[in-house]
Structures are given as structure tokens and as C-alpha cells.
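*Asks:* If you're matching them up, the sequences are chains A and B in order.
The numbers in this note's numbering rise by one with no breaks, and the one at position 1 of the first sequence is 1.
The numbers in this note's numbering rise by one with no breaks, and the one at position 86 of the second sequence is 86.
Incorrect hints may have been included.
Calculated cross-link-like contacts (lysine-lysine; reagent style DSS-like; alpha-carbon spacing at most 27 Å) [unchecked claim]:
#1 B:K28 <-> A:K12
#2 B:K50 <-> A:K58
#3 A:K116 <-> A:K66
#4 B:K50 <-> B:K75
#5 A:K30 <-> A:K113
#6 B:K11 <-> A:K58
#7 A:K30 <-> A:K12
#8 A:K12 <-> A:K113
#9 B:K11 <-> A:K30
#10 B:K28 <-> A:K58
#11 A:K113 <-> A:K19
#12 B:K33 <-> A:K58
#13 A:K113 <-> A:K58
#14 A:K113 <-> B:K63
#15 B:K33 <-> B:K63
#16 A:K66 <-> B:K11
#17 B:K79 <-> A:K116
#18 A:K12 <-> B:K63
#19 B:K72 <-> A:K66
#20 A:K66 <-> B:K28
#21 B:K11 <-> B:K75
#22 B:K72 <-> A:K30
#23 A:K12 <-> A:K66
#24 B:K63 <-> A:K116
#25 B:K72 <-> A:K58
#26 B:K79 <-> A:K12
Since the hints were derived computationally from the structure, they do not count as laboratory data.
Since we're looking at a predicted model, the values are computed, not measured.
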Amino acid sequence: LAAYPTAAFEAKTIADLMKALGAGAPVESKDVTVTAPDIAENGAVVPVGASTSLPGAKRLLLLVEKNPSVLSAAFDVNEFVEPSFTTRVKMGQSSNVLAVALMADGRVLYAQKEVKVTLGGCGG
Amino acid sequence: MRIRAQAAGDKTTVRVLMSHEMETGLRKDPAGKTIPAWFIQEVTAQLNGKPVLTAEWGPSVSKNPFLQFIVKGAKAGDKIAVTWRDNRGETRTDEATVS
Numbered sequence: 001l002a003a004y005p006t007a008a009f010e011a012k013t014i015a016d017l018m019k020a021l022g023a024g025a026p027v028e029s030k031d032v033t034v035t036a037p038d039i040a041e042n043g044a045v046v047p048v049g050a051s052t053s054l055p056g057a058k059r060l061l062l063l064v065e066k067n068p069s070v071l072s073a074a075f076d077v078n079e080f081v082e083p084s085f086t087t088r089v090k091m092g093q094s095s096n097v098l099a100v101a102l103m104a105d106g107r108v109l110y111a112q113k114e115v116k117v118t119l120g121g122c123g124g
Numbered sequence: 001m002r003i004r005a006q007a008a009g010d011k012t013t014v015r016v017l018m019s020h021e022m023e024t025g026l027r028k029d030p031a032g033k034t035i036p037a038w039f040i041q042e043v044t045a046q047l048n049g050k051p052v053l054t055a056e057w058g059p060s061v062s063k064n065p066f067l068q069f070i071v072k073g074a075k076a077g078d079k080i081a082v083t084w085r086d087n088r089g090e091t092r093t094d095e096a097t098v099s
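Please model the complete structure; the sequences and the hints are all you need to start from.
*Replies:* Printed below as a string of C-alpha cells:
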């Protein structure tokens with residue numbers, strides 16, 4: 001198994017994250033979908049999902065732009081799974097949530113959605 | 001870990017609930033001391049022993065994490081195993097049967 005990508009999970013901004021991953025600038029795409037609620041009453045548990053309808057994705061990422069570290073989760077895409085993953089994340093404040101698809105041809109595509117948080121998830 | 005794997009045609013939806021604190025390392029205890037980070041870093045899944053999923057997580061995944069993914073080509077009776085490993089090196093594996 002590959003080593004844990006510490007630098008990527010410590011990146012404070014999307015630009016730093018892309019640098020840590022050796023990826024280019026992300027481009028918005030209709031073929032990538034982010035699922036997230038409009039309003040999260042509890043920032044400690046926000047259901048979020050990333051998926052893409054495009055073939056050729058090798059990795060899907062879930063990002064919370066205003067969290068202390070932007071990257072929440074990274075999923076490898078292979079021939080055995082659909083490029084569609086759902087989990088729950090903590091959000092410290094209202095923020096854009098992004099689904100990013102790293103494509104095998106080097107393209108970096110994303111979709112984003114603003115989630116309003118009424119109770120932050122970092123104070124416990 | 002609670003794992004539910006349900007087949008519909010050639011796609012099997014797997015839902016997993018893990019039991020873990022997912023401590024960020026940013027919170028302080030009442031005495032003002034930082035609570036050390038403790039979170040799941042890697043989640044993998046196997047279908048009948050064959051690796052099908054690898055995911056890497058940071059500490060911002062919620063406490064007692066939920067994960068849903070869709071496996072291709074599994075059928076009823078197949079075994080889905082899910083393993084997590086946290087930043088302390090502890091691991092846990094549980095298995096479920098596709099229904």
C-alpha cells in the first residue's frame with residue numbers, strides 16, 4: 001500500500017493541496033457531482049458525497065474549503081468500484097464543499113456547493 | 001463495525017459504520033491541553049479477498065465514520081471485508097455477506 005499522503009492532508013488551501021498532489025489547477029465540470037445539504041444544523045456530522053459520470057477518473061477527493069485542512073477524504077477509483085462515494089465530515093463553519101476528480105489524463109475537474117453551518121463541528 | 005452490502009443487478013451498495021473517535025488534534029481538554037490527533041487514515045475493502053477499495057482519510061471525517069461505496073460484479077453470498085487503520089497503527093477488519 002502507498003504511504004499516507006501527509007502533505008496533502010495538511011494542506012491549508014486548495015492551491016497547496018494541488019501542489020502536494022502534483023496536480024494542476026482544477027476546472028469546474030458538469031460531469032462531477034458533489035452532494036451536500038444546503039444547511040447543516042450540526043457541523044460535526046455533514047453528509048457529503050463525490051461522484052463523476054466520466055470514465056477515466058483515478059481518484060475522487062472531498063474538500064471543505066474553510067476547514068483548517070481542506071482535504072477530508074480521498075478515494076481511489078478502479079475497475080471494481082463505481083466512482084461514487086459518500087461519507088460524513090466535520091465542518092468548522094459555513095464553507096464550499098468540493099468534489100474533485102483527478103483524471104488519468106491529468107485533468108483535474110471539480111464541482112462545488114456552499115453549505116451553511118449553523119453549529120460548528122470543531123468545538124466538540 | 002456494521003457493514004451492509006446489498007446487491008441490485010451487478011452493482012452492490014456497501015454501507016459501513018465504523019466506531020472511532022476521529023479526534024482532530026485541534027481540540028483542547030478543559031485544562032487547556034491539546035487532545036492528540038487520533039483518526040482513521042486508511043480504509044480498504046476486499047470482495048472475496050480481492051482488493052476493491054482504497055481510501056485515505058484526514059481527521060475531518062466525522063466521529064464514528066460512515067462510508068458508502070458501490071462495488072461492481074458482486075453477487076449474493078459474496079464476502080465483503082472492510083479494514084481500517086488509524087494513525088496509531090491500530091487496525092480492525094470486519095466482514096459481511098452480500099445479500
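*Asks:* Each hint should be assessed against the structure and marked as holding or not.
*Replies:* Hints, verified against the model:
For the hint pairing B:K28 with A:K12, the CA-to-CA distance comes to about 20 Å; that is within 27 Å, so the pair holds. This hinted pair checks out: B:K50 and A:K58 have alpha carbons roughly 18 Å apart, not beyond 27 Å. Simply put, A:K116 and A:K66 have alpha-carbon atoms about 12 Å apart, close enough for the 27 Å limit, and the pair holds. Pair hint B:K50 plus B:K75 holds up; C-alpha atoms about 14 Å apart against a cutoff of 27 Å.
Simply put, A:K30 and A:K113 have alpha-carbon atoms about 12 Å apart, close enough for the 27 Å limit, and the pair holds. Between B:K11 and A:K58, the direct Cα distance comes to roughly 19 Å. Compliance with the 27 Å bound is thereby established for this hinted pair. Distance hint between A:K30 and A:K12 is fulfilled; the C-alpha atoms sit about 26 Å from each other, no more than 27 Å. For a cut-off of 27 Å, the pair hint linking A:K12 to A:K113 stands: about 19 Å separates their Cα positions.
Pair hint B:K11 plus A:K30 holds up; C-alpha atoms about 24 Å apart against a cutoff of 27 Å. With a CA separation close to 37 Å, the supplied pair B:K28 and A:K58 exceeds the 27 Å bound. Our distance criterion of 27 Å between C-alpha atoms is met by A:K113 and A:K19, whose separation comes to about 23 Å. With a C-alpha separation of about 40 Å, the suggested pairing of B:K33 with A:K58 is violated against the 27 Å cut-off.
Restraint check for A:K113 and A:K58: the C-alpha separation of about 22 Å stays at or below 27 Å, so the hint holds. As the CA atoms of A:K113 and B:K63 are separated by approximately 23 Å, the hinted pair is consistent with the 27 Å bound. Simply put, B:K33 and B:K63 have alpha-carbon atoms about 20 Å apart, close enough for the 27 Å limit, and the pair holds. Distance restraint check for A:K66 and B:K11: the Cα-Cα separation of roughly 35 Å exceeds the 27 Å cut-off, and the hinted pair is therefore not satisfied.
Proposed proximity of B:K79 and A:K116 is contradicted: the alpha carbons are some 39 Å apart, above 27 Å. A threshold of 27 Å between alpha carbons decides the hint, and for A:K12 with B:K63 the separation of about 21 Å falls inside it, so the pair holds. Distance check on the hinted pair: B:K72 and A:K66 sit about 34 Å apart at the alpha-carbon level, beyond 27 Å; violated. A hinted pair counts as satisfied when its Cα atoms are at most 27 Å apart, and A:K66 with B:K28 qualifies at roughly 20 Å.
This hinted pair checks out: B:K11 and B:K75 have alpha carbons roughly 8 Å apart, not beyond 27 Å. Taken as a hint, the B:K72 and A:K30 pair is honoured in the structure, with Cα atoms around 24 Å apart against an allowance of 27 Å. The straight-line distance between the Cα atoms of A:K12 and A:K66 is roughly 9 Å, inside the 27 Å bound, and the hint therefore holds. Of the pairs offered as hints, the one joining B:K63 and A:K116 holds, with about 20 Å between alpha carbons and a cut-off of 27 Å not exceeded.
Between B:K72 and A:K58 the CA atoms are separated by roughly 16 Å; this keeps the pair inside 27 Å, and the hint holds. Straight-line distance between C-alpha atoms of B:K79 and A:K12 comes to about 39 Å, which puts the hinted pair past the 27 Å bound.
Hints 10, 12, 16, 17, 19, 26 from the earlier list are contradicted by this structure; the remaining hints agree with it.
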